[in-house]
Amino acid sequence: MEITPLGDSALIVRIRDQFQDAPEQTLDEVLAAMHQIERAQVPGIIELTPAYTTVAVYFDPIRVIDSGADPGGVVDWLTEKLKDALGDSRRRWRDKTDRRSIEIPVCCDTEFALDLEQIAHQARISPAEVLNLYCAGTYRVGCIGFTPGFPFLMGLPQKLATPRRGMPHKEVPAGSVAIGGQQTGIYPLRSPGGWNVIGRTPLRLFDPQNSPPTLLAVGDRIHFRSITRDEFERLKG
Amino acid sequence: MKLTITRSGFLSTVQDLGRVSLRQFGVSVGGALDLHALRVANLLVGNDENAAALEITSGLVRLQFDDQRIVAWCGGEYDVAVGSRQIPSGHSAYVGANEELSIAGPREGCRAWLAISGGIDVPVVLGSRSTDLRGSFGGFEGRALRDGDVISLGSNSACAKTLIDRLGQEKIAAWSISHDWSNPAQQEPMLRVVHGSDWGRFDDSLHNALTSETFLVSPDSDRMGARLEGPKLRRREACDLISEAVAPGTIQVPPDGKPIVLLGDCQTIGGYPKIAHVATVDLPVAAQLRAGDRVRFREVSLADAHRFLSERNGDLEQFRVGIKLQMR
Chain A
1 MEITPLGDSA LIVRIRDQFQ DAPEQTLDEV LAAMHQIERA QVPGIIELTP
51 AYTTVAVYFD PIRVIDSGAD PGGVVDWLTE KLKDALGDSR RRWRDKTDRR
101 SIEIPVCCDT EFALDLEQIA HQARISPAEV LNLYCAGTYR VGCIGFTPGF
151 PFLMGLPQKL ATPRRGMPHK EVPAGSVAIG GQQTGIYPLR SPGGWNVIGR
201 TPLRLFDPQN SPPTLLAVGD RIHFRSITRD EFERLKG
Chain B
1 MKLTITRSGF LSTVQDLGRV SLRQFGVSVG GALDLHALRV ANLLVGNDEN
51 AAALEITSGL VRLQFDDQRI VAWCGGEYDV AVGSRQIPSG HSAYVGANEE
101 LSIAGPREGC RAWLAISGGI DVPVVLGSRS TDLRGSFGGF EGRALRDGDV
151 ISLGSNSACA KTLIDRLGQE KIAAWSISHD WSNPAQQEPM LRVVHGSDWG
201 RFDDSLHNAL TSETFLVSPD SDRMGARLEG PKLRRREACD LISEAVAPGT
251 IQVPPDGKPI VLLGDCQTIG GYPKIAHVAT VDLPVAAQLR AGDRVRFREV
301 SLADAHRFLS ERNGDLEQFR VGIKLQMR
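Which chain is which? The protein sequence lines are A and B, in order. Per the working numbering, the very first residue in the first sequence carries number 1; after that it's consecutive. Per the working numbering, the very first residue in the second sequence carries number 1; after that it's consecutive.
Fair warning: there could be bad hints in the mix.
Stated by the list, open to error - Straight line, CA to CA, 30 Å or less: simulated DSS-like cross-link-like pairs of lysine-lysine:
#, chain 1, residue 1, chain 2, residue 2
1, B, K324, B, K2
2, A, K170, B, K324
3, B, K2, A, K170
4, A, K170, A, K159
Worth flagging that the hints you see were computed from the coordinates, not collected in a lab.
Isolated chain A (complex conformation):
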């Protein structure tokens, strides 16, 4: 583990250098570290953001100084507090939290599955086999970003990995489920995008009127269930 500055108002706690070696374990450790930092209530810390191998710790330098740090030693002061909060690594293991498991209905009607043919071509299997393979997988949210509520999901079957489109879609509709390289994700908002769209979910992934505003959180386990167009329309309501 190392703690490095991200500018003068944030620190990055890097739990591991690599992700692919042990994605599940790394993510568990990152989430556990995040909760330990949260619980420590270190003065001046504003918010935390987990992503794959890291927890970002955003802070207000002025509040850290007001809490007793020397203006010339803010980062050292915080680093000490974070190390204390993270304690010994054995405790972290027992903190493994029970993550939610969420089913995402996805409709692969030809109108929605903009790039299904391309994905099938790349994998050298039929579109139906692509869907079976995709829906048989278990995924996990590695981080949320790009746009509000966009989940980056790990666990895509290797066979389905499809390079990003040479020419990005000018507009990907909200709810589009897509593959970009080794990753897969869901566009919560209508936006431009370079990923290969495999289908669409009727679920709303981001709603600014809700607290929290996103359906998914980092660490959640996801699986997809293929639905018909009728079911899509019914769920969309």
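With chain A fixed as given, assemble chain B onto it according to the hints.
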């Protein structure tokens, strides 16, 4: 209790100090790109520092209120007037009911923040009144303002009422703040930067390029970031970094070597190497970068970045005390 936008300018949005604690959900901090300017302008009109104000990005803005208000603005070099009455930056000024306030510019810099006593009363969404343009939420209907928009204002505070009584005659307060406080725009600014976490992934010639050459602000800059042309900071070997957090001020370098200075509406995570970060104390200067501007960077230590910020906060603290006395 209403504000009517007759002309909305190039890009005008409602902004406060922004959203906190939502970056883990991919929601940007947003808010006024110059938080210092927003705080100062709000204090000058007797508002809470977090009250929602207008962020103006070039063009001609005309607006009026249906009752008496105190206004103050900070930011780039704009011409702000009520009829023939010029309102200099950093001054509390009286605007009568149905008088037209015009804001034109900028002659220098890029953005200005206009605080209105009582604040702009749009609904709080995810803890803030700021407009999130990408997510289309917050602010006024989740979008930039248009000609003809009519927006609710909050009630004048006791301080604002005192100012209205006092300034009804003289119109503009005699006291003001220093110009470098209200107008951070500079010609060919030098932004102070600290090392980024990927500084070591760039070789010395690229470090030198960043800290000794001049960059040009590209036209495709926006509230998410200022894109820079000029010397390319292209690294020899590609690297595939695992996405992690970025922040306003982060200078990231995509494979094309053209650095991007991230601003308040930036994404919450990114995978490009981070060569440096603009010191928080200089973000107000970065918020004034306009297409075609020249900009340079100077390295400072983290300790110095915190000292500068602490000094400016000390000045702000004094200002808070001073303004309270003025408004008694």
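Checked hints:
1. B:K324 to B:K2: The given pair, whose Cα atoms are some 26 Å apart, holds under the 30 Å limit.
2. A:K170 to B:K324: Violated. K170 of chain A to K324 of chain B sits at ~52 Å, over the 30 Å cutoff.
3. B:K2 to A:K170: The hint is violated at about 38 Å.
4. A:K170 to A:K159: 27 Å, holds
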